[in-house]
Amino acid sequence: MSLEIQNLHVRVEDKEILKGVDLSVSKGETHALMGPNGSGKSTLANTIMGNPNYVVTEGKVLLNGEDLTEAAPDERARAGLFLAFQYPATIPGVSVANFLRTAVNAGRDEPLRVMDFGKLLRQNMELLKIDPAFNKRYLNEGFSGGEKKRAEILQMAMLEPEIAVLDETDSGLDIDALRIVSEGVNALRGPNAGFLVITHYTRILRYVLPDFVHIMLNGRIVREGGSELADDLEEKGYDFIREEVEAGAA
Amino acid sequence: MPPSFLEESRRAALEVYEREPVPTWRRSGFWTTTLRHLRLDELEPRRYEAVASYEDLPAVLRTALAGEELGGLIVQRGATSVYSWLDPALAEQGVVLTSLEQAAEEHPELVERWYMKRLSAEEGKFSAGTAALWTGGAFLYVPPEVRIEKPIQTVYLIDEPGTVQYAHTLGVVARFAECRVREYCLAPDLEGQALHAGAFELYLEEGAQVALAHLQDWGKGEVYDISTKRVEVGRDAHCSWVPLHLGGHLTKQTLDLITAERGSDMRQNGLYFTEGDEHLDLFTTDQHEKGDTTGDTVWKGALTGSSRASYEGLIRIDYGAQNTHTYLQTHSMLLSPKAKADAIPSLIVETDNVSASHGGTVGEVDEELVFYMMTRGIPRTEAVRILVEGYFEPVVSKLGDEALEELVRAKVTAKLSAAEREVEAYIAERA
Numbered sequence: 001m002s003l004e005i006q007n008l009h010v011r012v013e014d015k016e017i018l019k020g021v022d023l024s025v026s027k028g029e030t031h032a033l034m035g036p037n038g039s040g041k042s043t044l045a046n047t048i049m050g051n052p053n054y055v056v057t058e059g060k061v062l063l064n065g066e067d068l069t070e071a072a073p074d075e076r077a078r079a080g081l082f083l084a085f086q087y088p089a090t091i092p093g094v095s096v097a098n099f100l101r102t103a104v105n106a107g108r109d110e111p112l113r114v115m116d117f118g119k120l121l122r123q124n125m126e127l128l129k130i131d132p133a134f135n136k137r138y139l140n141e142g143f144s145g146g147e148k149k150r151a152e153i154l155q156m157a158m159l160e161p162e163i164a165v166l167d168e169t170d171s172g173l174d175i176d177a178l179r180i181v182s183e184g185v186n187a188l189r190g191p192n193a194g195f196l197v198i199t200h201y202t203r204i205l206r207y208v209l210p211d212f213v214h215i216m217l218n219g220r221i222v223r224e225g226g227s228e229l230a231d232d233l234e235e236k237g238y239d240f241i242r243e244e245v246e247a248g249a250a
Numbered sequence: 001m002p003p004s005f006l007e008e009s010r011r012a013a014l015e016v017y018e019r020e021p022v023p024t025w026r027r028s029g030f031w032t033t034t035l036r037h038l039r040l041d042e043l044e045p046r047r048y049e050a051v052a053s054y055e056d057l058p059a060v061l062r063t064a065l066a067g068e069e070l071g072g073l074i075v076q077r078g079a080t081s082v083y084s085w086l087d088p089a090l091a092e093q094g095v096v097l098t099s100l101e102q103a104a105e106e107h108p109e110l111v112e113r114w115y116m117k118r119l120s121a122e123e124g125k126f127s128a129g130t131a132a133l134w135t136g137g138a139f140l141y142v143p144p145e146v147r148i149e150k151p152i153q154t155v156y157l158i159d160e161p162g163t164v165q166y167a168h169t170l171g172v173v174a175r176f177a178e179c180r181v182r183e184y185c186l187a188p189d190l191e192g193q194a195l196h197a198g199a200f201e202l203y204l205e206e207g208a209q210v211a212l213a214h215l216q217d218w219g220k221g222e223v224y225d226i227s228t229k230r231v232e233v234g235r236d237a238h239c240s241w242v243p244l245h246l247g248g249h250l251t252k253q254t255l256d257l258i259t260a261e262r263g264s265d266m267r268q269n270g271l272y273f274t275e276g277d278e279h280l281d282l283f284t285t286d287q288h289e290k291g292d293t294t295g296d297t298v299w300k301g302a303l304t305g306s307s308r309a310s311y312e313g314l315i316r317i318d319y320g321a322q323n324t325h326t327y328l329q330t331h332s333m334l335l336s337p338k339a340k341a342d343a344i345p346s347l348i349v350e351t352d353n354v355s356a357s358h359g360g361t362v363g364e365v366d367e368e369l370v371f372y373m374m375t376r377g378i379p380r381t382e383a384v385r386i387l388v389e390g391y392f393e394p395v396v397s398k399l400g401d402e403a404l405e406e407l408v409r410a411k412v413t414a415k416l417s418a419a420e421r422e423v424e425a426y427i428a429e430r431a
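Chains as they are written, first to last, in my numbering: chain F, 1 to 250; chain H, 1 to 431.
The following block holds chain F by itself, in its conformation from the complex (with noise of 0.2 Å):
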C-alpha cells in the first residue's frame, strides 16, 4: 500500500521543472523531501494532486498499483492522498464547518450524521489545540500563517488520507506553532498513514523524525538515506551537495 512516482517529467509553461522522479511512500512511513528553493519540491506536490497548470510529459503517479497520473485533483482525494498547501487558498463566504462537512462527505457514500461529524471535529480541534470559535469563521479568510497551516492539518485529521503530503508547512512558523502543527501531524502517524514531509529546513524534522530523507536538486533526487542525511545537510548545506553532485557528474 503506498505512492509511487516513477520517472516522472513535468513541464511548467514550457519549462521542465521534474527531470525523472522517482520516488516511493508506503503506509506507515514518514519521508522527509528537502532541497532549495526553485529546485522543484512544490512542482512534485503539485502533480501529486493533480494541479491543471503542471503538465506530466513522462513518468506515472501510483497509488496502489493504480494509475492516477491523468485523474482529476478530486478523484485522487478520494483514492487516499491529500495535499497541505505551502499557500492555502482562502475560501470567502464559506465557513470551516461547512467546508470541512462538504469535503468529509465528499469522500463517503453515506453522509456522516451531523452529531458524529460535530464529534469528530471537536476531538481533531482539541487535537491541534484549535479554538472552538474558529469553525464559524470564513475559511483561512484573516487567518494568520499559523492559523492557516493547523486549517490545513485539521482538513487532514478530518479527511484521514493514506498518503499526505505536506508542502513546506513549516514555513512562516514560529517555534510554539511549529511545535503544535509537529504534535498534530504526530498524532495521526501510524501504521495506516504515509506522509511526506517537504521542506527547506531541517526545523520541521526535529519534531517530526523522518524514516527517510530524500534531497532533490534541480528536478531530480540526487541523494537518499535515513534521518541522519538530515543532520548532515544541517551542517554542511546544501552547496555541499551540489558540489558533489556536480563533481560526480564530471
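It is possible that part of the hints are untrue.
Unchecked claim - Derived DSBU-like pairs (lysine-lysine); straight-line CA-CA distance at most 35 Å:
| id | chain 1 | residue 1 | chain 2 | residue 2 |
| --- | --- | --- | --- | --- |
| 1 | H | 290 | F | 136 |
| 2 | H | 411 | F | 136 |
| 3 | F | 60 | F | 27 |
| 4 | F | 60 | F | 136 |
| 5 | F | 136 | H | 398 |
Keep in mind that the hints were calculated from the coordinates and are not lab data. Keep in mind it's a predicted model, so treat the numbers as computed, not measured.
Given the coordinates of chain F, assemble chain H onto it according to the supplied hints.
Positioned in the frame of chain F, the structure of chain H alone reads:
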C-alpha cells in the same frame, strides 16, 4: 373621490407620459437597454376580486412567504390591491398599512405631505406613466417611537401574461420609529409579455431605523421591470437596504439612497443573479446632501447563460456636505462565456474634507480555489457551487432575516444547478 392634489399630479404626469417617446438607455461600449421588443399597446391593467384570507392568495406568493409571521401584509395582483392585513396591536399604536388609493382618502394630509417628495414625473416616460396611471399601491406609516419587530411585507404580483402593472409604494417611518420592510415583486413563469412599472419611495425621519429589502423574481416569462426606488434618510436615521434581483426578462431600475440630514447613515448590500437571456440594467446613487453622513454600498452579481448585467453606481457628495465618509464596491462573476457584465462605479464630489472611494471588478471563478477544493475530494461542480454561494454569503447574511436568507440561498442554489452543465463545460474549457 380622490383628493385634488392627486388628480392634479396624475394629470400633469399623463401629459409627460404622452409627450415622451419610449426611451432607449445607452451605456458605455456594447451596452444598450432597449424596449423595442415590448409590445406596450397589447398590455392592459388587469383587475381581480379581493381575497378574504391568506389561503386564497396565489401559490407563487405563499411559497415565497412560506407562512412566516408578519407584522402586516399587503398584496397587489395586477392592477388591484387584493389583500391587506395588519396586526391589530400595530393598528392600535397608529401604524397604517393600506393601499395607497385608500390612504389618499383616509389620510389625505399625510399622503399629500410625502407623496412624490423625492420622485418626479419629469424623470422619464415610465416615471410619468407610473405617476399618472398607478392603481392600488401601498402605503405604510409608522408613527413616532413605534418599534415593529415582525416584517411589514408588500407584494406586487403579476400572474397573467398581457398585464401592465403600474405600482406605487409610499412609506414613512416617523421620528425614532423602527421597522423592517420587505417588498417582493413576483410572477410565476409566464407565457407572454408583462410590464411592471414601479415607483417606491420611503422616508425616514429623525432617528428612524429601517431594514429594507426588495426581492425581485419575475420568473422565466417575458416580464419587463422599469422602476425607480428612492429612500431618504433623515437626521441621525439609519437605513440598511438589500435589493435582490433574482429573475426578470428585462430590468431597468434606478435605486437611490439619499442621506439628507446630518448624522444619517445608509448601507446598501445588493445582489443579482441573471440567467438565460435576461437583461439587467441597474443605476444606483448614494447621494450625500449634508455633512457628517456615512454610506457603504456593496453589490455582488453572478451571470449564467447569455445574460447581461450592467451595474452603474454613483457616489454623489453635494456642496457643503463635509466630513462625509462613503464607500462603494461592485463585483460581478461571469459563469458563462456568453454572459456579459459591466461594473461602473463613479464619483462626483463637490466639497472638500470627505472620504469617498469606489471600486469595481468583473471576474470569473478562480481556478486556484477550485483546485484547492478539489484536493479535498470535492467534485468540480460542487466546488463551483460552494464558491458562488460563498461569494454571495456576505451579502445574504447581512439580511438579518432568516426566512429571506433561506429563500435567497435556495434560489441561488437552484439557479446554479439549472446551469450546472453549462458552468461545468465553461470551467473545464478554461482549465
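Each hint, compared with the structure:
| no. | hint | verdict |
| --- | --- | --- |
| 1 | 290/H with 136/F | 39 Å, violated |
| 2 | 411/H with 136/F | 23 Å, holds |
| 3 | 60/F with 27/F | 19 Å, holds |
| 4 | 60/F with 136/F | 40 Å, violated |
| 5 | 136/F with 398/H | 15 Å, holds |
The structure does not agree with the numbered hints 1 and 4 stated previously, though it agrees with the rest.
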